[in-house]
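Q: The primary structure of each chain is shown beneath.
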Amino acid sequence: MNDKNIDDVILAVDNISLSFGVMKVLDSISFDIKRGEIRSIIGPNGAGKSSMLNVINGFYHPQQGSITFKGETRQQMAPYVAASHGIARTFQNIALFKGMSTLDNIMTGRNLKMKTNLFLQALHIGPARTEELENREVAERIIDFLDIQAIRKKPVGKLPYGLQKRVELGRALAAEPELLLLDEPMAGMNSEEKEDMSRFIIDVNTEFGTTIALIEHDMSVVMDLSDRVLVLDYGLQLADGLPHEVRANQDVIDAYLGIPHE
Amino acid sequence: MIYRETGQFKTNYSDDQALFPIAQDRYVILAVLFITFVLVPVFINEYWLNAILLPFLIYALAALGLNILTGYCGQLSLGTGGFMAVGAFSIYKLMVAVPELGFIPLVIISGLITAAVGTLFGLPSLRIKGFYLAVATLAAQFFLIWLFNKVGWFFNYNATGMITSPPMTLFGVMITGPEGVPAAKYLLVASFVAVFALFAKNIARGRIGRNWMAIRDMDIAAELIGVRPLLAKLSAFAVSSFYIGMAGALYFSVWLGSAEPTEAFDINQSFLVLFMIIIGGLGSVLGSLLGAAFLVMMPILLKNILVGGFGTNSALAAHIEIMTVGALIIIFLIVEPHGLARLWRIVKEKLRLWPFPY
Amino acid sequence: MTFFIEVVLSGLMAGVMYSLVALGFVLIFKASGIFNFAQGVMALFAALTLVGFMEKFGMPVWLAIAGTIGVMIALAWLIERLMLRHLVNQEPIILFMATIGLAYVLEGAGDILWGSDVKLLDIGIPQGASDWMLDTFDIYVEKLEVFAAVTAAILVVFLAVFFQKTRIGRALRAVADDHQAALSVGISLHTIWVIVWSVAGIVALVAGIMWGSKSGVQFSLSLIALKALPVLILGGFTSVPGAIIGGMIIGVGEKVAEVYLGPFVGGAIENWFAYMLALAFLLFRPQGLFGERIIERV
Amino acid sequence: MIQTLNDASLDTFPKLMLSHARLRPDHDAIREKDLGIWQSWTWAQAAGEVRALACGLSSLGLKRGDKLAIIGDNRPRLYWSMTAAQSLGAIPVPLYQDSVADEMAYVLDNADIKIALVENQEQVDKILEVRDRCPRIEHIIFDESRGLRHYQQSFLHNFEKVQAAGRELDASNPDFFQQQVDLSSGEDTAIMLYTSGTTGDPKGVVLTNNNAIITARNGVIREGLGPDEEVLAYLPMAWVGDNLFSYAQSYVAGFCVSCPESGETVGQDLREIGPTYYFAPPRVYENMLTQVMIRMEDASKLKRGIFHYFMGHARKVGVRILNGETVSLKDSLLYSLGNLLIYGPLKDVLGLRRTRLAYTAGEAIGPEIFDFYRSLGINIKQLYGQTECMVFICVQPDGEVFADTVGTPAIDVEIEIDDSGEIRYRSPGVFDCYYKNPESTASTKTKDGWVHTGDAGYFDDNTGHLKIIDRAKDVGKLNDGTLFAPKYIENKLKFFSFIKEAVLFGNGRDYSTAFINIDLDAVGNWAERRNLAYSGYIDLAGQQDVFQLIKDCVNKVNQDLSQDSRLGNSQIHRFLILHKELDADDGELTRTLKVKRSFVAERYDTLVDALYSDKSECHVNTEVTFEDGRTGMLEADLKLSEAEIYPVKSITREVAA
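Chains F, V, D and A supply the protein sequences, listed in that same order. If you use the working numbering, the first sequence closes out at 308, no skipped numbers anywhere. If you use the working numbering, the second sequence closes out at 822, no skipped numbers anywhere. If you use the working numbering, the third sequence closes out at 300, no skipped numbers anywhere. If you use the working numbering, the fourth sequence closes out at 1257, no skipped numbers anywhere.
There's no promise every hint is true.
[Unchecked claim] In the DSS-like style, the derived pairs of lysine-lysine whose C-alpha atoms are separated by at most 30 Å in a straight line are:
(1) A:K930 to A:K1094
(2) A:K1036 to A:K1094
(3) V:K814 to F:K161
(4) F:K204 to V:K614
(5) F:K161 to F:K199
(6) A:K1047 to A:K1036
(7) A:K903 to V:K814
(8) F:K204 to V:K557
Source of the hints: derived by calculation from the structure; they are not laboratory data. The structure displayed is predicted, hence computed values, not measured ones.
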């Protein structure tokens, strides 16, 4: 990964705090993600990792702090705005559209790239038709990329877990995001599936130059993939730096060994 | 078993995404269209028209509408009767005011008016979900009916409070009221259903349809990949109400000829249509038609068996009928909660894989 | 002024009636997540049965009531046997549909068994105006409504105790949260459902009696179910106190509107006003009066 | 009528391609399922692609006589690269895409590869890994750029870039391509195919255009193939069969070849394309049949009933109907009903409904498998072929199809059988030589062009068809001089599902005998259905009923052999059921699970001796290696038994009588 050029900051999180009622989920977190890097967020369960992603793509609205994405600073934005600005994500517990086929799930990811109005679609003529076909091809490229041709027209609900995770990645890729948030993409996978998924993540990063923010528990994976690692623990920012630095950090080690917090 | 798919390969996306990619299906559809538009009109008569065909077709149209909202977009609505009323009263006012526009445009305009009203009542869906929303839609039901009952302007201040469709012709053929020509009425309504079924299918398989289903299946995920709940839900309400409005317009002008809001559009209409899509199959165009057919024919069948068969007195027969309908619905929900459409899909799959089981 | 108080009072009374029906909904929704549309028809059915017992078999009131309670329990058992246990784990909407089907069945059955003509129901609940109120405060109040209010109050207390104190009650609350929990309490889901539906049946009977004595037993009685729905969205599907308070609010709001607003819009607005009220309310508190805020996680 | 057939001037593949591009420019030449649909190229388009690629290759310095390695799954671009190379007079050398780097290294070096054109990163990595061992490789061209973005090596080229370069060269020098094509003729080498030599290193078989084209053409004529055949190219490009069926014959007849989307979708793709002309090795047919049976097991009782009833009827009359014999009206009506209910749908789901002609070859195919497909009305035939002559030696004529023959000589093929029983042939397809290996060439191919197949066989008296019995070197003689073909008899035994392995003895003995391994699953199943309890292989193998079951199989084989005047006397006189499964870990099988006869013979010499004595019992004591690598002793008392011997039906005797 050393040969890729990581330049400007694409996303800067500044002093974000989020709480539900009395429960403080994130406590003044600040970090940044540089364009083209793979940025991991790790930490024990309940550390606020997923909440951090939810804040980034506008699903949770922090009480304090601001987020600067591609130069635009705001405290909060509606999820679909985040999406339209180029932030896509996958979910910790698979959130596919169960009633639809693999292809339709990925096509739904194309939503923001499609424009034609209701009437043309009802008649299924002209632009609506061509738009549909063009985007089908894009979707097919993703299917090819993720090597899921065999399940193209199968309803996702019935697919094995590992494949569902792949389809979900495909749906996110379909949006051609600049920043891709992956929430435990390898949770519950066997080593072989993890191997494939890592491969895909690297390829996405190198082939499309997509910036990736990754939540993952498997340390070896994190250390292999990441350019930089952010460590959260019970809403607090524990460490931030290069993989080997983080691995060496005493607080981190304690946190993972479960040293009680004062 | 009937299917012979070997060698049916697609060399471009438009073939692959065609409505009926399998040749055998296309033949079936052609046959159905032939029967619908050529054979039936030849043999049609008043009884069949008014007892079976018109109700079936008109409810099918309404069911299509509701299925778009509830089946595809997952928003439960109990306001169907009210929205049908909007369609009916719109076309009534229009037929009186601007008959020169011609019948078909009037039906469409009525649909559009209903769409507007529907969108309005769809607004709460942005804040509330599930049964809360369902109950909220009842507000529409009761408010609208009350409105058409109380506000004289809607029924042109006539004493009875009834509305009666003025005679209207299409290509010189009478298509409203009792002296309407059966074949003409039938063809008119059948065409509406055919055309708008096609449109529904097209929308459902396109971007907007996918967004609806996304909202239905996992609204949060949908929002996070850029589907705007506001647009998706309101568009569903609009399109749905548009269909239901047209159904209401035809229901009143072509089938009933005259209507009285509290009778013709009461809450049971809402339930009836809801039953149609549940039994037919949520999220399926075919299901809407099957469901309508089923629920239109079943009571007639029952009545004929009871009154005709056992000579039960009609009052008792009515009670038994409603009981049986209820029971059948429960049984049906137990046996196949995904409806007739699902049954058909299973059968089709079996036929495609015959003799293999999977 | 007194007129206004009268209006409010009668609103409260009517509200109590709504609460009675709403209560039935809440019980069942709490324990099985089912939106039981048949609740209203159950009230009608119960009333019809009661009247039937008294008229056709000339039973004394207490016996007729006991008998009807028996019937309602049997009914609950049948419903669980024939319907619910076959629909476990189905989509809520399917269950909802099923209860509409159930409503049809009960309606038909009631009519077939007891005839569909309007019947008078008199189990000796005092009728007419309460002179005492009239004399002391110069306010007109229906005795029946007072009686209903009191009954409702008792019923609520009873239910509250039932839910808080008894083992079954706690089990029921557990089921509301999740089925596994219920099983861990050591009561089979089936039993729980039978119990809940029986209780709901009895509540329906009470409601039936009240409405029946007020305006005769007839099909329209089943429509009070529709009246209870706004109460539900107001009070929340799962909250007993919500049902009561909600009922009051709806009752009062409705009466006040009817009296002060009605004339200008041509009257008969009670059909929908409740809904509009609830709806407006909902837009500001989507989770209802007593529902707690939901934090969605992904 | 296919003009290209009888036009002798079209003596190279590029010429054939260009003529199709003229004659049927808009007819599909090749298809690939990619991005969800069947991307198609007409002959005209394909010719354009090839032209661009050829020019591009020459701009990379590929010249007459140079070798171009082609590595990857069946894909249009890789097929084009063959024609492109041939256009320049260069020689394409397809390699097995699944072989590991080391195996590749040998071929790449031995074939003096100058440019390697490969499918993807996986193959590129392999070549880079062994590049130092094949110094002559100058360039590597890759089709899929995925994952190669960060490979900086200057000798790596993207397929599109090469074609682009080619188009420039073509633009600047429009006549270049045609000139190059005209330079080559039928005598020039068309392709080099490496035979995966069972012994020693693979040998590069050099085939000329004439070899390939004439053979392909004869095949096309004999089977009456036309430009509208559908063929699925799913077997390795490095294998001569694929080169004949998906390349040579396509270019001769002008039919379209379709490449599947991926390994796991072949089944689906087969159904979509519905080939009219299909080749598969026996194991493919076998797997298909097993799948059918397994899936039917889960079918509803009624459905299963119908299925088995009609399959039964098909077994009765299907083959005869296919052979054009007349059957009773009732039977043929019943068959057409079955065709409506079962055969038709079944063939459709398998993707073979449109298949007019299906070949199988390579190894013996089980009769019941063979008949299953034929009884469905699929005209599957056996052929006998070799890389050394571009496949065709013998083919079964329509209507004369038998499970145990390989048919009559193909057009222009002469066959003779020398006294040792080895088959020799001569044909226009006979290869030029083994690349850089004159001694092997000399030992295989005589001066006057006869090729030793190394197979033993003879022409069957009843059918006049060639019968392959064994590798020549394995064929021996009994003391009475009868041919002893162990493999042939072992196969006959192994066609019974109950028998997993069999080892025949008899060379230089008075009569033949057999060791038998039962198939634990099949026999175990059989036993359970008879609720015989058993504790494992040894126990099961020892059971009296099982012994009887196997004995029946042996008897059937003997009966079968007795029909054969030459092999009749090699009927199995005595046999035993081994107390253990032959196992590679014990060195009894090769790693490819072939029996090492000699090793087994000496390891169990006591048993062999017992078989040639009149003992009916024999104690044996064997060392075995368990899965975990430990070894242990295995003791057992084995039962020996005579089998039925049937009178040999001898032609000569009949003649005499």
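Q: Could you tell me which of the hints above the structure violates, numbers in ascending order?
A: The structure conflicts with hints 1, 2, 3, 4 and 8, although it agrees with all the remaining ones.
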